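Trainee: Okay, here's what each chain looks like letter by letter:
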Amino acid sequence: MKAADFSYHEAVNLQDAINIKAQDDEAVILAGGQSLLPALNMRLSSPTCLIDISKISGLNEIKIEEHTLFIGALATHSDVMSNKTVKDNMPYMIDILKMVAHPAIRNKGTHGGSIAYGDPAAELPALAVATNAEIIVSGQNGDRSINAKDFYLGLFETTINQDEIVVGIKYPLLKQGQNIVFDEVCRRHGDYAMAGLIANVMGSKNDIKDLKLVFFATGDKPDVADKTAELYLDNGYDYDKLKNSLSSEIDFAGDLNSSSEMKLHLATVLIKKVLSKLEI
Amino acid sequence: MAANNSVNISFTVNGERFNNINVPSRQHLADYLRSQGFTGTHLGCEQGACGACTIEMDGKAVRSCLVLASQANGTNLKTVEGFDDEMMEKVKQNFLKHNAFQCGFCSPGMLMTTKEILLNKKKLTRDEIRSEISGNYCRCTGYQSIVDAIEECINEIN
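So the sequences go chain by chain: A and B.
The opening residue of the first sequence carries number 1 in the numbering used here; numbering runs sequentially from there.
The opening residue of the second sequence carries number 1 in the numbering used here; numbering runs sequentially from there.
Since the hints were made in silico from the structure, they are not lab data.
Hints may be right or wrong, so weigh each one.
What the hints assert, rightly or not - Once the Cα atoms are required to be at most 25 Å apart in a straight line, the calculated BS3-like pairs of lysine-lysine come out as:
| # | chain 1 | residue 1 | chain 2 | residue 2 |
| --- | --- | --- | --- | --- |
| 1 | A | K273 | A | K243 |
| 2 | A | K84 | B | K97 |
| 3 | A | K205 | A | K277 |
| 4 | B | K60 | A | K84 |
| 5 | A | K98 | B | K122 |
| 6 | A | K227 | A | K212 |
| 7 | A | K273 | A | K227 |
| 8 | A | K98 | A | K2 |
| 9 | B | K92 | B | K60 |
| 10 | A | K98 | A | K175 |
| 11 | A | K84 | A | K63 |
| 12 | B | K92 | B | K78 |
| 13 | B | K121 | B | K90 |
| 14 | B | K121 | B | K92 |
| 15 | A | K98 | A | K277 |
| 16 | B | K78 | A | K2 |
| 17 | A | K175 | A | K63 |
| 18 | B | K121 | B | K78 |
| 19 | B | K90 | A | K84 |
| 20 | A | K241 | A | K209 |
| 21 | A | K98 | B | K123 |
| 22 | A | K149 | A | K272 |
| 23 | B | K60 | B | K123 |
| 24 | B | K60 | A | K98 |
| 25 | A | K175 | A | K205 |
| 26 | A | K84 | B | K123 |
| 27 | A | K241 | A | K212 |
| 28 | B | K121 | A | K98 |
| 29 | B | K78 | A | K55 |
| 30 | A | K87 | B | K60 |
| 31 | A | K84 | A | K175 |
| 32 | A | K55 | B | K123 |
| 33 | A | K2 | A | K149 |
| 34 | A | K87 | B | K122 |
| 35 | A | K87 | B | K123 |
| 36 | B | K60 | A | K63 |
| 37 | B | K97 | B | K121 |
| 38 | B | K90 | A | K87 |
| 39 | B | K123 | B | K97 |
For clarity, every value in this text was computed on a predicted model and none was experimentally measured.
Work out the full structure, taking the sequences as your base and the hints as a guide.
Mentor: Below, the structure written as structure tokens:
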């Protein structure tokens, strides 16, 4: 299918984009467009205006800033994957991005776009929640920083205001003994997951001191399962108990490829699979 | 607001300059290119899944169905018709040799992806080749012959 009609505005700078977005509540920001364009082509979305921010300079910076790794919104997935600062400080980010679509899509898709779009099946929103990242947005009243766990409200729904644009994400650098481990189940490499898990772990395989489990492709947003994590710390891996706990903690939503019951099963076994990746 | 439902843009396709042309805002780049005779760019799914419309934009492989024509303003594009250099001639010969073109529908995208693999100059295992071409669907060959062809290309340049 072809996209419905819309007007197109190439923003000359951030302020220009903010001003237009503030005036038109049906205008949508276009960065890489790798999620937005399919939605437009399939007419799942029909905004009045696309504000193209992709040519604004200075929004693709990647740097270390006050014990965090800052990734500018317009850095593409390929930029992040080939960046030395990321490789040295957050190598797991590169492995996670390998699961995001395919090379030609990663060449265009942006980090901030994936964070802002809030697809519940996407990896980066779950990673932001799992790592306690701060999402920096810019609007008419200046910048504000929103913790990732407060950013996602529901299906493609975030706390971002009409006049605001995501400008970057700050990931806290890992502390000594802290690990990010993850995995997902999908039908083909690069597809959206049927269920995925990102775990933020303090400690080693046989001595986990603290555990945060964040699932994706399970419900309508990144799903944090604190009670299940606690249960795992107390009892170890017990399929039935963990499954019960997950079903009460997460509102599983089935899709074309997998029913909610199947997602619950996959999420449960992912706990074992993901935590077995930790070093002893 | 300065925005209109069509925009004037300029870009280069295979070295040919397109100056100040008017395109509908909603038209994606693949449709524009095909309308100008660059029909080597194939359209399969128009949602970024099949990879048949992959072209090169400023030196990087992108899906032309997931880029608006208007976003191409100021860029340098290369479609499969522009593949006339020595390296790509060898790639085409290897695809022929291994029967990696079958019906030919996926071939423009496969060649584009192969080019990007070769430019990275990395030695890849067969599994890694499969992962690199995972974004390009082929419904005929079963991929075996395409992996054979790409493997031979990689061996030749390394």
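Trainee: State for each hint whether it applies.
Mentor: So, going through the hints one by one against the coordinates:
At most 25 Å may separate the alpha-carbon atoms for a hinted pair to count; K273 of chain A and K243 of chain A meet this at roughly 14 Å. Taken as a hint, the K84 of chain A and K97 of chain B pair is broken in the structure, with Cα atoms around 39 Å apart against an allowance of 25 Å. Straight-line distance between C-alpha atoms of K205 of chain A and K277 of chain A comes to about 8 Å, which keeps the hinted pair within the 25 Å bound. A C-alpha spacing of about 20 Å is found between K60 of chain B and K84 of chain A, which places the hinted pair at or below 25 Å, so the restraint holds.
Our distance criterion of 25 Å between C-alpha atoms is met by K98 of chain A and K122 of chain B, whose separation comes to about 16 Å. For the hint pairing K227 of chain A with K212 of chain A, the CA-to-CA distance comes to about 10 Å; that is within 25 Å, so the pair holds. A hinted pair counts as satisfied when its Cα atoms are at most 25 Å apart, and K273 of chain A with K227 of chain A qualifies at roughly 19 Å. Restraint check for K98 of chain A and K2 of chain A: the C-alpha separation of about 29 Å exceeds 25 Å, so the hint is violated.
Taking the CA atoms of K92 of chain B and K60 of chain B, the gap is about 19 Å. The hint holds against a cut of 25 Å. The hinted pair formed by K98 of chain A and K175 of chain A meets the criterion: a straight-line CA distance of about 24 Å does not exceed 25 Å. With a C-alpha separation of about 10 Å, the suggested pairing of K84 of chain A with K63 of chain A holds against the 25 Å cut-off. Taking the CA atoms of K92 of chain B and K78 of chain B, the gap is about 16 Å. The hint holds against a cut of 25 Å.
The suggested pairing of K121 of chain B with K90 of chain B holds, with an alpha-carbon distance near 15 Å, which does not exceed 25 Å. For the suggested pair K121 of chain B and K92 of chain B, the alpha carbons sit about 18 Å apart, so the restraint of at most 25 Å is met. Restraint check for K98 of chain A and K277 of chain A: the C-alpha separation of about 17 Å stays at or below 25 Å, so the hint holds. For the given pair, K78 of chain B sits about 23 Å from K2 of chain A by alpha-carbon distance, which is consistent with the 25 Å threshold.
Taken as a hint, the K175 of chain A and K63 of chain A pair is honoured in the structure, with Cα atoms around 18 Å apart against an allowance of 25 Å. Our distance criterion of 25 Å between C-alpha atoms is met by K121 of chain B and K78 of chain B, whose separation comes to about 20 Å. Distance hint between K90 of chain B and K84 of chain A is unfulfilled; the C-alpha atoms sit about 33 Å from each other, more than 25 Å. Proposed proximity of K241 of chain A and K209 of chain A is supported: the alpha carbons are some 20 Å apart, at most 25 Å.
About 18 Å separates the Cα atoms of K98 of chain A and K123 of chain B, which keeps this hinted pair within 25 Å; it holds. Only pairs whose Cα atoms come within 25 Å are accepted, and K149 of chain A paired with K272 of chain A is accepted, the gap being roughly 24 Å. Between K60 of chain B and K123 of chain B the alpha-carbon distance is near 19 Å, which keeps this suggested pair within the 25 Å criterion. For the suggested pair K60 of chain B and K98 of chain A, the alpha carbons sit about 17 Å apart, so the restraint of at most 25 Å is met.
Under the criterion of a C-alpha separation no larger than 25 Å, the hint pairing K175 of chain A with K205 of chain A is consistent with the structure, at around 16 Å. As the CA atoms of K84 of chain A and K123 of chain B are separated by approximately 21 Å, the hinted pair is consistent with the 25 Å bound. The suggested pairing of K241 of chain A with K212 of chain A holds, with an alpha-carbon distance near 17 Å, which does not exceed 25 Å. Distance hint between K121 of chain B and K98 of chain A is fulfilled; the C-alpha atoms sit about 19 Å from each other, no more than 25 Å.
A distance of roughly 20 Å separates the Cα atoms of K78 of chain B and K55 of chain A; the hinted pair therefore holds under the 25 Å criterion. Taking the CA atoms of K87 of chain A and K60 of chain B, the gap is near 21 Å; set against the 25 Å cutoff, the hint holds. Simply put, K84 of chain A and K175 of chain A have alpha-carbon atoms about 19 Å apart, close enough for the 25 Å limit, and the pair holds. Distance hint between K55 of chain A and K123 of chain B is unfulfilled; the C-alpha atoms sit about 34 Å from each other, more than 25 Å.
For the given pair, K2 of chain A sits about 35 Å from K149 of chain A by alpha-carbon distance, which is inconsistent with the 25 Å threshold. Pair hint K87 of chain A plus K122 of chain B holds up; C-alpha atoms about 18 Å apart against a cutoff of 25 Å. With a C-alpha separation of about 20 Å, the suggested pair K87 of chain A and K123 of chain B falls inside the 25 Å cut-off, and the hint holds. For the hint pairing K60 of chain B with K63 of chain A, the CA-to-CA distance comes to about 24 Å; that is within 25 Å, so the pair holds.
For the suggested pair K97 of chain B and K121 of chain B, the alpha carbons sit about 22 Å apart, so the restraint of at most 25 Å is met. As the CA atoms of K90 of chain B and K87 of chain A are separated by approximately 34 Å, the hinted pair breaks the 25 Å bound. About 21 Å separates the Cα atoms of K123 of chain B and K97 of chain B, which keeps this hinted pair within 25 Å; it holds.
Comparing the model with each earlier hint shows violations of hints 2, 8, 19, 32, 33 and 38; every other hint is respected.
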